[in-house]
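Q: Top to bottom, those sequences are chains A and B. Under my numbering, the first residue of the first sequence is numbered 254, with each subsequent residue one higher. Under my numbering, the first residue of the second sequence is numbered 29, with each subsequent residue one higher.
These are computed hints drawn from the structure, not numbers from a lab. Heads up, some of the hints might be wrong.
[Unchecked claim] For lysine-lysine, the following BS3-like pairs were computed, each having C-alpha atoms within a straight-line distance of at most 27 Å:
no.	chain 1	residue 1	chain 2	residue 2
1	B	Lys133	A	Lys331
2	B	Lys133	A	Lys264
3	A	Lys315	A	Lys264
4	B	Lys96	B	Lys70
5	B	Lys133	B	Lys99
6	B	Lys70	A	Lys331
7	A	Lys269	A	Lys331
8	B	Lys86	B	Lys136
9	B	Lys136	A	Lys264
10	B	Lys85	B	Lys133
11	B	Lys85	B	Lys70
12	B	Lys96	A	Lys264
13	B	Lys85	A	Lys268
14	B	Lys50	B	Lys70
15	A	Lys268	A	Lys315
16	A	Lys268	A	Lys324
17	B	Lys133	B	Lys50
18	B	Lys99	B	Lys50
19	B	Lys136	B	Lys85
20	B	Lys136	A	Lys315
21	B	Lys50	B	Lys96
[Claimed, not checked] Short, incomplete list of chain B residues facing chain A, as computed with Cβ under 7 Å:
no.	residue
22	His35
23	Pro36
24	Pro72
25	Val82
26	Gly83
27	Lys85
28	Phe117
29	Phe131
30	Lys133
Values in this document were obtained by computation on a predicted structure and should not be read as measured data. Built from N, CA and C at the ideal position, the CB exists for glycine as well.
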Amino acid sequence: EAGVVQSPRYKIIEKKQPVAFWCNPISGHNTLYWYLQNLGQGPELLIRYENEEAVDDSQLPKDRFSAERLKGVDSTLKIQPAELGDSAVYLCASSSGQGARETQYFGPGTRLLVL
Amino acid sequence: GENVEQHPSTLSVQEGDSAVIKCTYSDSASNYFPWYKQELGKRPQLIIDIRSNVGEKKDQRIAVTLNKTAKHFSLHITETQPEDSAVYFCAAVVGAGSYQLTFGKGTKLSVIP
Numbered sequence: 254e255a256g257v258v259q260s261p262r263y264k265i266i267e268k269k270q271p272v273a274f275w276c277n278p279i280s281g282h283n284t285l286y287w288y289l290q291n292l293g294q295g296p297e298l299l300i301r302y303e304n305e306e307a308v309d310d311s312q313l314p315k316d317r318f319s320a321e322r323l324k325g326v327d328s329t330l331k332i333q334p335a336e337l338g339d340s341a342v343y344l345c346a347s348s349s350g351q352g353a354r355e356t357q358y359f360g361p362g363t364r365l366l367v368l
Numbered sequence: 029g030e031n032v033e034q035h036p037s038t039l040s041v042q043e044g045d046s047a048v049i050k051c052t053y054s055d056s057a058s059n060y061f062p063w064y065k066q067e068l069g070k071r072p073q074l075i076i077d078i079r080s081n082v083g084e085k086k087d088q089r090i091a092v093t094l095n096k097t098a099k100h101f102s103l104h105i106t107e108t109q110p111e112d113s114a115v116y117f118c119a120a121v122v123g124a125g126s127y128q129l130t131f132g133k134g135t136k137l138s139v140i141p
């Protein structure tokens with residue numbers, strides 16, 4: 254079974270530039286999560302999708318962050334404009350059932366460095 | 029919201045010894061507690077989880093215990109090996125209905141050969 258795929262793996266941009274991350278969840282997983290992981294910290298949820306619907310985006314900084322999952326499969330997370338403090342690892346995860354009681358499988362993450 | 033505290037932040041053990049990592053949570057409605065292992069530069073991987081209707085679960089050298097009354101759960105690794113060296117994260121579901129996993133800050137485990 255293929256795992257969660259993310260791209261790019263690394264991204265270096267200058268501040269104020271836009272950036273986008275892509276995630277392909279495990280086939281058949283209808284729940285998709287985007288997490289932010291700062292160095293030395295645990296992942297923090299940004300947004301959760303059930304199919305194409307964003308059911309929990311309370312932690313997403315909506316002034317500069319946006320996400321979409323148009324067909325209920327792949328998802329993109331965008332930052333515009335990026336700030337120095339956005340440097341972190343952005344993790345995507347998926348699970349097969351509704352709710353966090355089902356196991357979440359993580360992708361390898363995108364490591365973002367904003368200069 | 030939920031708050032998960034994890035201790036210690038770093039842990040060094042000799043190969044073959046046991047390692048114990050402890051977590052406490054604040055929301056008494058939390059009912060699912062996974063543990064993830066993250067090697068440097070790699071994805072977090074689930075190693076074991078426990079649900080609130082169970083007090084203990086074991087998988088080979090790894091075990092997790094849950095005390096719902098005290099709102100704490102622990103990861104136990106026996107006969108540690110160098111490949112157990114990684115950062116371990118505990119997590120808890122934020123109450124019933126919200127489905128949000130809240131993670132602890134992690135424990136960096138070093139197993140010394």
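Q: Does each hint hold? Answer for all of them.
A: A quick look at each hint next to the structure:
no., hint, in the structure
1, B:Lys133 to A:Lys331, "holds (25 Å)"
2, B:Lys133 to A:Lys264, "holds (24 Å)"
3, A:Lys315 to A:Lys264, "holds (21 Å)"
4, B:Lys96 to B:Lys70, "violated (31 Å)"
5, B:Lys133 to B:Lys99, "holds (17 Å)"
6, B:Lys70 to A:Lys331, "holds (22 Å)"
7, A:Lys269 to A:Lys331, "holds (13 Å)"
8, B:Lys86 to B:Lys136, "holds (21 Å)"
9, B:Lys136 to A:Lys264, "holds (26 Å)"
10, B:Lys85 to B:Lys133, "holds (23 Å)"
11, B:Lys85 to B:Lys70, "holds (26 Å)"
12, B:Lys96 to A:Lys264, "violated (42 Å)"
13, B:Lys85 to A:Lys268, "violated (47 Å)"
14, B:Lys50 to B:Lys70, "holds (23 Å)"
15, A:Lys268 to A:Lys315, "holds (18 Å)"
16, A:Lys268 to A:Lys324, "violated (31 Å)"
17, B:Lys133 to B:Lys50, "holds (12 Å)"
18, B:Lys99 to B:Lys50, "holds (11 Å)"
19, B:Lys136 to B:Lys85, "holds (22 Å)"
20, B:Lys136 to A:Lys315, "violated (33 Å)"
21, B:Lys50 to B:Lys96, "holds (13 Å)"
22, His35, "violated (13 Å)"
23, Pro36, "violated (14 Å)"
24, Pro72, "holds (5 Å)"
25, Val82, "violated (13 Å)"
26, Gly83, "violated (18 Å)"
27, Lys85, "violated (14 Å)"
28, Phe117, "holds (5 Å)"
29, Phe131, "holds (3 Å)"
30, Lys133, "holds (6 Å)"
When each numbered hint is compared with the structure, violations occur for hints 4, 12, 13, 16, 20, 22, 23, 25, 26, 27.
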